[in-house]
Amino acid sequence: MNRADLEAMAQREQQRQQAFGCRILCCASTPCLSSGGQAVYDAINAVISEGGWEAEVQAVATGCMGPCSHGPMVTVQRPGEEDVVYERVTSDVARALVAAHAGKAAAVAPVEHVMPASAPFFAKQQKVVLANSGLIDPEKLEDYVARGGYRALAYALREMTPEEVCKEIIASGLRGRGGAGFPTGLKWDMVRKEHSDKKYVVANGDEGDPGAYMDRSLMESDPHRILEGMAIAGYAVGADQGFLYVRGEYPVAAKRLERAIRAAERRGLLGSRVLESGFNFRIDVRIGAGAFVCGEETALMASIMGHRGQPVPRPPYPAQSGLWGKPTLINNVETYGSIAPIVENGAAWFAEIGTAKSKGTKIFALAGKVATTGLIEVPMGISLREIVYDIGGGIPDGLAFKAAQTGGPSGGCIPAAHLDTPVDYESLKALGSIMGSGGMIIMDEHSCMVDVAKFFMEFCMDESCGKCVPCRVGTVQMHRILERITDGSATPQDLATLQELCMMVKETSLCGLGQSAPNPVLSTIRYFAEEYTAHIADHHCPAGVCTLEKQPVGEWVTA
Amino acid sequence: MASPTAAVRTKRRADDEHPSGDPRFALIDRTLKRFQYQQDALIEVLHTAQEAFGFLSDDLLIYVAHQLKLPLSWVYGVATFYHFFTLKPQGQHNCIVCMGTACYVKRAAEIVAALQKEYGVAPGETTRDGLLSLATARCLGSCGLAPVLVLDGEVLPRETPEGTLARVKQQVG
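So the protein sequences, as listed, match chains A and B.
Under the working numbering, the residues of the first sequence are numbered 1 to 559, in order.
Under the working numbering, the residues of the second sequence are numbered 1001 to 1173, in order.
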């Protein structure tokens, strides 16, 4: 396949889709399926075949549409009209909406289930990476191509040198979406400049952070976008082999990616002589086996090579010596998801979105105590308040917002006082949290911050790989102290020790896991110190979560 | 790279079944062949082995170590490092409660406690009669529906301790 064939394929598919008077898109991602999405899809197909409308109406199983807590979601597309989004669809609602939109005048559309396009949930979002999510069938290459897919790859291969691609990415200001925010273009350029007979491109889809599922959704909803981004990266850095490391808990994502790779290889969009150019690029999927530390780049590479996922000291950085000692480019899947739009629309277009230092958009998985939970993509620099109150619809049950947790076990909690902070890499860091991979958990008055800190510390303790002492031993000690604070047996001295341990583990651990493990504790002490003192001095849990049934041992010893 | 002996072995096994008579070994052999007996493929091979047998017995680990020409300690080290691999047999039914952050703030711990009390098993254990394995997961990636649990492969959203107990009882009996 060459560039002209690609255009022809896109046009063919667009015409085919427009021939339908009505396309009904049903969300078939995990959250909607577990709310009864399969029954809805079956009902829609049944109505279509009963009415004999196969020529006019098409039902498509798509990826995630966003508002997961309102599922199952259905979108109706008609040429020349705005899309209509339905929420909380049941089989009966589905039947009614098919009849109404298929043009049978007698039927009335179930308007009470319509989610208006002007709803803040949609209006405040800006979809760049998730542009196709929920609008295409992830298992069909044609759907992706019809929406301009692989055009950026064709353009890059034909019109740009690898150096120009790297320059474009640098100019766009794109930063790593895995959390640390390293400038992506610089990383690419570093790998490009290395001299080696073999180079690798790795996509990090090991989303271990509890409370985050952006990468899963992206991989399941739009797999070809990641493949295209990786192929452009391969061309830019001079690699001919890519690895896509998918978390073991995400079998659907792995299956879809493997199918997508095979489909792309069959059409000559991957494999040897991509799009009839001289560029060869193979992608293999590697499935993780459940280790949070494998999100760390050196540990992830160890895991790809079949070893235990233990990190190694850097430098040398993967850009110099990565997989099998060869220069390796490693980025998050969301970062690869941003590549095709940048190449297609230009760096200047991308750089206009966001703030001075954080460009583009970021996907967040909004969850916890908020009215509408789901997957959102917002421009960088949006305030936390807009995310929580406009997009998320505020806190349910009339309770007050207490904190937003970002960055998972490596991040921190942002209190209500900082609700107007713009969400970008620097601002979140200044608040003692991090952007992280994009999990955002909203907490209300019923969440005890000490308990939350303990939860994350237990997580880090379990997930510590055991290689370096500060992390292996420090997390256990910190967890023990937090346990004592929540069961009521802590003394004021414990709090001082805890802070001292935090600094020690932060400064001396080998990899990101240990270095950031104290963050949840430090940030909760910073903003909710009174809760710690209430537990220790007053023997009282303000949120009413901790039992505090024990007594401090130290008190009668010293008394 | 496939060593010459490996190639011979593959050839012989392609037509007749595995010497142990257990057809499940053929699945492992297929994966070994797909990766040309490369040692780097250890995790993929263990995935297949666990899928075929349900858990990784000592014999299986020895078999994989032999096939890939790796020390058993290496294979054991990898198998125990990753949470996904289990070295103990699993129950007929399994129930995984998500304990990710979103589920945790929505009180998933109470669901675990309820199941633990009813069946007398801690997370990661199987009941004596081998009927139910209880496990907790770090995050199942369905945070919008917290708290979530997976009962015999089916994802159940917005669970409560009572509702879960009823469902599990119905399934397990």
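Calculated from the structure, these hints are not laboratory results.
Even glycine gets a Cβ: it sits at the ideal position worked out from N, Cα and C.
Careful: at least some of the hints might be erroneous.
Calculated Cβ distances over 10 Å to all of chain A for the following chain B residues [said to hold, decoys possible]:
no.: 1; residue: Pro1023
no.: 2; residue: Leu1027
no.: 3; residue: Gln1039
no.: 4; residue: Asp1040
no.: 5; residue: Leu1042
no.: 6; residue: His1047
no.: 7; residue: Phe1053
no.: 8; residue: Lys1069
no.: 9; residue: Thr1127
no.: 10; residue: Leu1131
no.: 11; residue: Cys1139
no.: 12; residue: Ala1166
no.: 13; residue: Gln1170
no.: 14; residue: Gly1173
Computed footprint of chain A on chain B; a stretch qualifies when at least three of its residues, placed anywhere within it, have a C-beta under 8 Å from a C-beta of chain A [claimed, not checked]:
no.: 15; stretch: 1092–1102
no.: 16; stretch: 1152–1161
Against the structure, the hints:
1. The beta carbon of B:Pro1023 sits about 23 Å from the closest Cβ of chain A, which is more than 10 Å, so the claim that it is off the interface holds.
2. Every CB of chain A is more than 10 Å from the CB of B:Leu1027 (nearest about 16 Å), matching its label as outside the interface.
3. Its closest Cβ contact with chain A, about 6 Å, brings B:Gln1039 to no more than 10 Å, contrary to its assignment away from the interface.
4. For B:Asp1040, the shortest C-beta to C-beta distance to chain A comes to about 4 Å, within the 10 Å cut-off, and the non-interface label is violated.
5. The Cβ of B:Leu1042 sits about 4 Å from the closest Cβ of chain A, inside the 10 Å cut-off, so the non-interface label is violated.
6. For B:His1047, the shortest C-beta to C-beta distance to chain A comes to about 6 Å, within the 10 Å cut-off, and the non-interface label is violated.
7. No beta-carbon of chain A comes within 10 Å of the beta-carbon of B:Phe1053; the shortest separation is about 16 Å.
8. Residue-level check passed: B:Lys1069 sits 13 Å from the nearest beta carbon of chain A, beyond 10 Å.
9. Residue-level check passed: B:Thr1127 sits 23 Å from the nearest beta carbon of chain A, beyond 10 Å.
10. The Cβ of B:Leu1131 sits about 24 Å from the closest Cβ of chain A, beyond the 10 Å cut-off, so the non-interface label holds.
11. Its closest Cβ contact with chain A, about 4 Å, brings B:Cys1139 to no more than 10 Å, contrary to its assignment away from the interface.
12. Residue placement check: B:Ala1166 keeps its beta carbon more than 10 Å from all beta carbons of chain A (closest about 17 Å).
13. Here B:Gln1170 stays apart from chain A, with its beta-carbon at least about 17 Å from theirs, past the 10 Å limit.
14. Chain A leaves B:Gly1173 outside its interface by the beta-carbon criterion, the shortest separation being 23 Å against a cut-off of 10 Å.
15. Given as covered by chain A, the stretch 1092–1102 of chain B passes the check, having 4 residues with a CB less than 8 Å from a CB of that chain where 3 are the minimum.
16. For the stretch 1152–1161 of chain B, the stated coverage by chain A is satisfied: 4 residues place a CB nearer than 8 Å to a CB of that chain, which reaches the threshold of 3.
Hint violations for this structure: numbers 3, 4, 5, 6, 11, all remaining hints satisfied.
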